[in-house]
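Q: Chains as they are written, first to last, in my numbering: chain A, 28 to 290; chain B, 28 to 290; chain C, 28 to 290; chain D, 28 to 290.
Just so you know, the hints here were simulated from the structure itself, not pulled from any lab data. Note that this is a predicted model, so its numbers are computed, not measured. One thing to keep in mind: the hints can contain errors.
One copy or two, it doesn't matter: identical chains are merged, so the pair holds either way.
With a straight-line Cα cutoff of 25 Å, these simulated SDA-like cross-link-like pairs (lysine to any residue) come out [said to hold, decoys possible]: (1) LYS103 x SER61; (2) LYS103 x ASN66; (3) LYS189 x ARG140; (4) LYS103 x ASN35; (5) LYS103 x ARG86.
4 protein chains.
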Amino acid sequence: MWLRVSCNLVFDIEIPTPFILMLRARSGAQQWISREVYNINPNVTANEYIDAFGNLCQRVLAPSGLFSIYTEAEAKVSDFSDIAPNAPLVNVENIPDNILCYLLPSRYCESDRFGDLAQAITMNELQGYNQVEAIENWLRHHITYLPGSSDYPISAIEVHQKQQGVCRDLAHLGIALCRSLSIPARMVVGYLHELYPMDMHAWFEAYVGNRWYLFDATQPYKKGGYVAVAYGRDAADVPIFNQFGPAAVPIQHTVIVERLDLL
Amino acid sequence: MWLRVSCNLVFDIEIPTPFILMLRARSGAQQWISREVYNINPNVTANEYIDAFGNLCQRVLAPSGLFSIYTEAEAKVSDFSDIAPNAPLVNVENIPDNILCYLLPSRYCESDRFGDLAQAITMNELQGYNQVEAIENWLRHHITYLPGSSDYPISAIEVHQKQQGVCRDLAHLGIALCRSLSIPARMVVGYLHELYPMDMHAWFEAYVGNRWYLFDATQPYKKGGYVAVAYGRDAADVPIFNQFGPAAVPIQHTVIVERLDLL
Amino acid sequence: MWLRVSCNLVFDIEIPTPFILMLRARSGAQQWISREVYNINPNVTANEYIDAFGNLCQRVLAPSGLFSIYTEAEAKVSDFSDIAPNAPLVNVENIPDNILCYLLPSRYCESDRFGDLAQAITMNELQGYNQVEAIENWLRHHITYLPGSSDYPISAIEVHQKQQGVCRDLAHLGIALCRSLSIPARMVVGYLHELYPMDMHAWFEAYVGNRWYLFDATQPYKKGGYVAVAYGRDAADVPIFNQFGPAAVPIQHTVIVERLDLL
Amino acid sequence: MWLRVSCNLVFDIEIPTPFILMLRARSGAQQWISREVYNINPNVTANEYIDAFGNLCQRVLAPSGLFSIYTEAEAKVSDFSDIAPNAPLVNVENIPDNILCYLLPSRYCESDRFGDLAQAITMNELQGYNQVEAIENWLRHHITYLPGSSDYPISAIEVHQKQQGVCRDLAHLGIALCRSLSIPARMVVGYLHELYPMDMHAWFEAYVGNRWYLFDATQPYKKGGYVAVAYGRDAADVPIFNQFGPAAVPIQHTVIVERLDLL
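Excised from the complex, chain A in its bound form:
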């Protein structure tokens, strides 16, 4: 399917504030970006760099006053996310070097504390894809998905205690559980068609059967329509905007996802 996705952010800045933005969807095996718009207003000088995870990040110094960021993309994405029942675990010694970092515990995914729970959840499963699917299902039944219920990231341990969370929280717990089984897992931030209520979204990917597969416990079943914008170990790595100095909450934040090929 062809999607047009956009994100509009408006800030009221008190004092000149450095921002790092991570809002550019890139073409890849799963998606093709055929059209992209990226406006910042006022149009201050920006520097783009590539972080350790391959994300394109823009550094700007936002001047005081109204500061807006608008990104839009037209993307061709799959109608269905790939599944691979029984795809095997990749033994640690065979995991590619650049994927090893997704095995380590990270800020919001304390995988070093979830070994027992992960074992219990996946006890009767074949090692690999089926374990991750069992984790995804366990999340669906044990953690209540409450979009909009939280303003800042909490960690997998906290999510597990609260038994509820936003998309980011479910992803964090899923990632922590996977890593505790030596399955590389990473966070993805992006857009999802027909997400309700519409907003930026977060899900996770697990590396089994020698590639990444998408998992999303916030949705009742596996579907397509995802546009990935940024990848990282957890939410600490992939803020769509990261500001430094006095906090400035966006005074406007609009996300739109439209299907183009059915218009």
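Add chains B, C and D to chain A, keeping to what the hints say.
A: Frame of chain A; chains B, C and D shown alone:
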């Protein structure tokens, strides 16, 4: 100024052919890309990767038949390229690690053979920016710029012998001369407003006074209106398209650069 | 001073176990490694890779039975760690791209939760080096250094609650406090001359005045004699050995640091 | 086999001269470095960085006067280099991203000019390993190996004209021929047991059957005993020392390779 640049390439492919494309202008200190279009037709699966020089490269397997690539960008660029008379040479021991590679000889820039000529050209100049400017002027007077006169890259030695060349050739000789003076120099491929005849363009940058400065011996004086698309050691690193297998010359190749803010 | 440092680890492995080792001190601005020994026994095949922080990591599959790792280095290091009172804060917009990751919260350094405490500790200080020094001093007085008191890493929040910790714990809290002030901070694992009791050590570095400076709240005053082995965001990034599968605690673990130039 | 390899370089420096050194053998799939010595005298401050090809490079500013560099390593290497008759060509679309750069022409390997010759040499061969073996054999018969006959690198075209060369020259021509067939090929600099006359050595590797294989047309048959020190596109990338400023030829240059396990 605001420019809209586009490049349209059409191939008639005999057998499925792997391509690597390098056609995406990126935002940076010198330019802001506010809008981008990138279409390949038929819309086969593409994988994007980042090469050692920070370029975004797309890998596609073009099927047989007509295959077209269309990229378009709207960019805000400077009206004037920065100049810095007397900016000093950066001593080798102070050149940043990731810039050292631009000191080495490369495929089309045999800097190991140009020490004497470079010394002669820059004899009375302050070390640094002024040396590069002397090289740029020497190129203007000694190498005739003949756009369209060559189909494939030749090396600095060959350019020096022929005493004429296309934009790429002048850049190669300029780079070789700079490097032989221990001044890092790199090739840039992109667009130039009001280039005549219009086509993709190539120029070079030299690292003096702790940053990169633009030089272009094909133009009679320093101007603005450049949109950089790819950076590398020389033309071997920055083909806008690189195909493997039987050669397929584009049957159509259209480049357009329009000024938007004067429309 | 010239130091000879060594670390000997012996494991009794039950089933073949993948290890990632991070035990090779590298030469750098602060230290020169003139001699290095690295033995694993049995001498199974190893693959070395470089992680995102520049550490040399070795991947081995340890066979069952006794498995030993011995590394030794002779290093020339400074007699005194550099200090720089009043060195200024580097504003976020001027921090080099590759250092930005050291501003983000990480597994054991929840910098997103320490803003108020960091402000309180550094209230009257000049921004930059003096803030970090105030943090180092605050740690010395408020967190009791108890070497050997903990087997596994805990996070800055937990350290702050317990008010005591091992070297790693003090570093984690120091790093979290720095980052909450937008000062890049990273963990260093290595050796320290005359550490008592002798063991591998951990400290932190903060980026102020355009370079990294060493801080170590476990020691009563600034000194020299440090040999850095690995750098990362926190302990999650820099385990000297990381094993996957059933836990195998070393049955032998010997660390020696000798001064060579006084022998 | 276990080898002890060493290289001793002594320079008489007129004015302070920046050097980049590339002399550290690293452990990898093919070799294990168990012991390493690295002395520079006088022991000036050095900075180590990792280049785009994964080599560890040391930057030093050599003071005027005698300046010596001594490196020694004890390495376990294979008794036999791996061979793989019939290993298939890796189609361009399946070559890993980070290996694509070894397909491009480079300073001393003008692969864009060798298509016809490479086709002629490999006409009746299975695509892949056998093509490279045919190239290696062709080099043995058509290019006379004359160790010590050249002081500075010449390019594949020049080697082909002269029909003779040093190890580096044969490697350059071999690499150019491979790349013109879309087979990734790279240069390796290192040590070879029983090389006569003993010196640093150069050979090449080709990527077929999804891994790198060693080829060396200077030797009459495939053997073991190689210790790799540096990898690159050609000799421009892998000088064991690269000096900037007035040329200083080593006044002493001693290379030793001893077999340890037979002592």
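Q: When no copy is specified for LYS189 and ARG140, does a C-alpha distance of 25 Å or less occur within a copy, between copies, both, or neither?
A: For LYS189 and ARG140, the Cα distance is within 25 Å both inside one copy (16 Å) and across copies (18 Å).
Q: Is it within a copy, between copies, both, or neither that the alpha carbon of LYS103 lies no farther than 25 Å from that of ASN66?
A: For LYS103 and ASN66, both the intra-copy (22 Å) and inter-copy (11 Å) Cα distances are at most 25 Å.
Q: At most 25 Å between CA atoms: does that hold for LYS103 and SER61 within a copy, between copies, both, or neither?
A: For LYS103 and SER61, the Cα distance is within 25 Å both inside one copy (8 Å) and across copies (20 Å).
Q: At most 25 Å between C-alpha atoms: does LYS103 with ASN35 qualify within a copy, between copies, both, or neither?
A: Cα proximity of LYS103 and ASN35: in one copy and across copies (21 Å, 20 Å).
Q: State whether the alpha carbon distance between LYS103 and ARG86 is at most 25 Å within one copy, between copies, both, or neither.
A: between (28 Å within a copy, 16 Å between copies)
Violated hints: none; the structure is consistent with every hint.
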